[in-house]
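J.: Okay, here's what each chain looks like letter by letter:
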Amino acid sequence: MVNRLRKAALTGDEIFATGMRDQWHAVCPSDFVARGDMKKIRRLGEDWLLFRQSDGTLRMLADRCPHRGAPLSQGQHLGDRVACQYHGVQVDGGGTVVSVPGMPGCNLEGKRLVTSLPVREVAGAVLAWFGTDPDAEPAPLELPERLTDEGISHFLCYAEWKAPWRFTLENLLDPMHGAFLHRESHSMFGGETSAKFRIRETDRGFFFEKTDQRGVNFDWVEFCRTGIDWVDLEIPYPPTAGPGGSFGIVGMGTPIDAETTAVFFWRYRRVEGWERDVWRFLYRTKLEERHWVVLEQDRTMLEAMAFDADQAENLYQHDLGVIRLRRLYRAQAEAQAKSLQEA
Amino acid sequence: MSLYLQPRQSGAAPTPYERKLAGAIEEVFGTGVHHLEGLVKGLNALGIHSPGGEAWTTDTFTDEIRRMGA
Ligand code: FES
Ligand SMILES: [Fe+2]
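These protein sequences, in sequence, are chains A and B.
One point on numbering: in our numbering, the residue at position 219 of the first sequence is 607, and numbering is uninterrupted.
One point on numbering: in our numbering, the residue at position 17 of the second sequence is 186, and numbering is uninterrupted.
Watch out, some of these pointers could steer you wrong.
Stated by the list, open to error - Partial list, computed: chain B residues near chain A (C-beta under 8 Å): (1) L174; (2) A193; (3) H203; (4) E206; (5) V209; (6) K210; (7) N213; (8) I234.
No lab work stands behind these hints: they were computed from the structure.
Just so it is clear, the structure is predicted and the values come from calculations on it, not from any experiment.
All C-beta atoms, glycine included, are put in the ideal place defined by N, C-alpha and C.
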């Protein structure tokens, strides 16, 4: 008999706090793990080992040795496997024990005892499937078209914020903060400070948008569920940013734990040829810094909010997007908890 | 746990020349001129020349900016 870690089924509250299961999440920038390197990383409240084999393939294992539970991340990279530091047990990228040096022929050998998450690398980031059943196939993943379109250029900006993941997503579903929190910024100084919003359904989520202003400030956002959850939004640049019109953001927020979030912002622009080259040059020399200042305004606000800030609110029409998002995640967390309990 | 907060993620910090060129490009764009010929003319009028010191042509500019924007 072998033991595999079985945790008590997560409750709805726990899932709501640490993130939805049975979907893809962005994990970190690809260049966090060089060839032949390992990195310990916490996501959705659990510890993982990211491990890039010497052939370049990236693997993501639960950070727990199947022998006596030491963290594999303290072990040694052996090219296509990891050797635990404690007693030398070797685990390959798929989670199978390939050698027990202290007891050759031991019955652990050949058994898949460590959870290994399916991973993909997309637009400079690692994505992983966080399934509740480690043996089930991941659901199909449809990538944000802004990241795969040849005519669109993008940069990934990655950061870690001391704020619950739900705050980071709610912030993106709240376009009106652009005209206030970001009034003093390179991109969101214009437009009205009052607006009327509407929700517009799509087959993959919904738009939350101003009915009376577009293309002036942060005026609309689309929330999308395509095997991974993301938002798309657009904000105008001032004339100094040159040809190509507004920039957009594909945004994601992945729980590190209940209080901390890994945020991903792909800033993109529809530019080709010399316009693309100039935008990329200006981004590197000037714009990245200004975009960062805006992001810091968000971070400062969200980190300063009480953990239970959403427990005594008085919402108005501008918060319909936030309400919609919460309802959806709350219901999904309960549904996932229920199916885990029944499993 | 130390949190990752790195303002510069797109590559090496710009050189003084790149900063100067970027400032001039923004200055020209800021006047509403967004086409290539106008930009090149504007840069030359500001006296911001190629790294070799010559006035820009559309060809030298697109070559250089492709390299610097990569
Ligand atoms: S705990 Fe890893 S080899 Fe013993
Ligand atoms: Fe913001």
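J.: For every hint, state whether the structure bears it out.
T.: Each hint, compared with the structure:
Interface hint status for L174/B: upheld, as the beta-carbon distance to the closest one in chain A is roughly 6 Å, under 8 Å. For A193/B, the suggested interface contact is broken, since its CB lies about 11 Å from the closest CB of chain A, more than 8 Å. Given the 8 Å rule on beta carbons, the hint for H203/B holds: about 4 Å separates it from the nearest Cβ of chain A. Because the closest C-beta pair between E206/B and chain A is about 11 Å apart, greater than 8 Å, the hint is violated.
A hinted interface residue such as V209/B counts as satisfied when its beta carbon comes closer than 8 Å to some beta carbon of chain A; here the least separation is about 10 Å, so the hint is violated. A cut of 8 Å between beta carbons decides the hint on K210/B: the least distance to chain A is about 15 Å, and the hint is violated. The closest approach between the C-beta of N213/B and any C-beta of chain A is roughly 16 Å, which is over the 8 Å cut-off, so the hint fails. At a threshold of 8 Å, the smallest CB-CB gap from I234/B to chain A is about 4 Å, leaving the interface hint in force.
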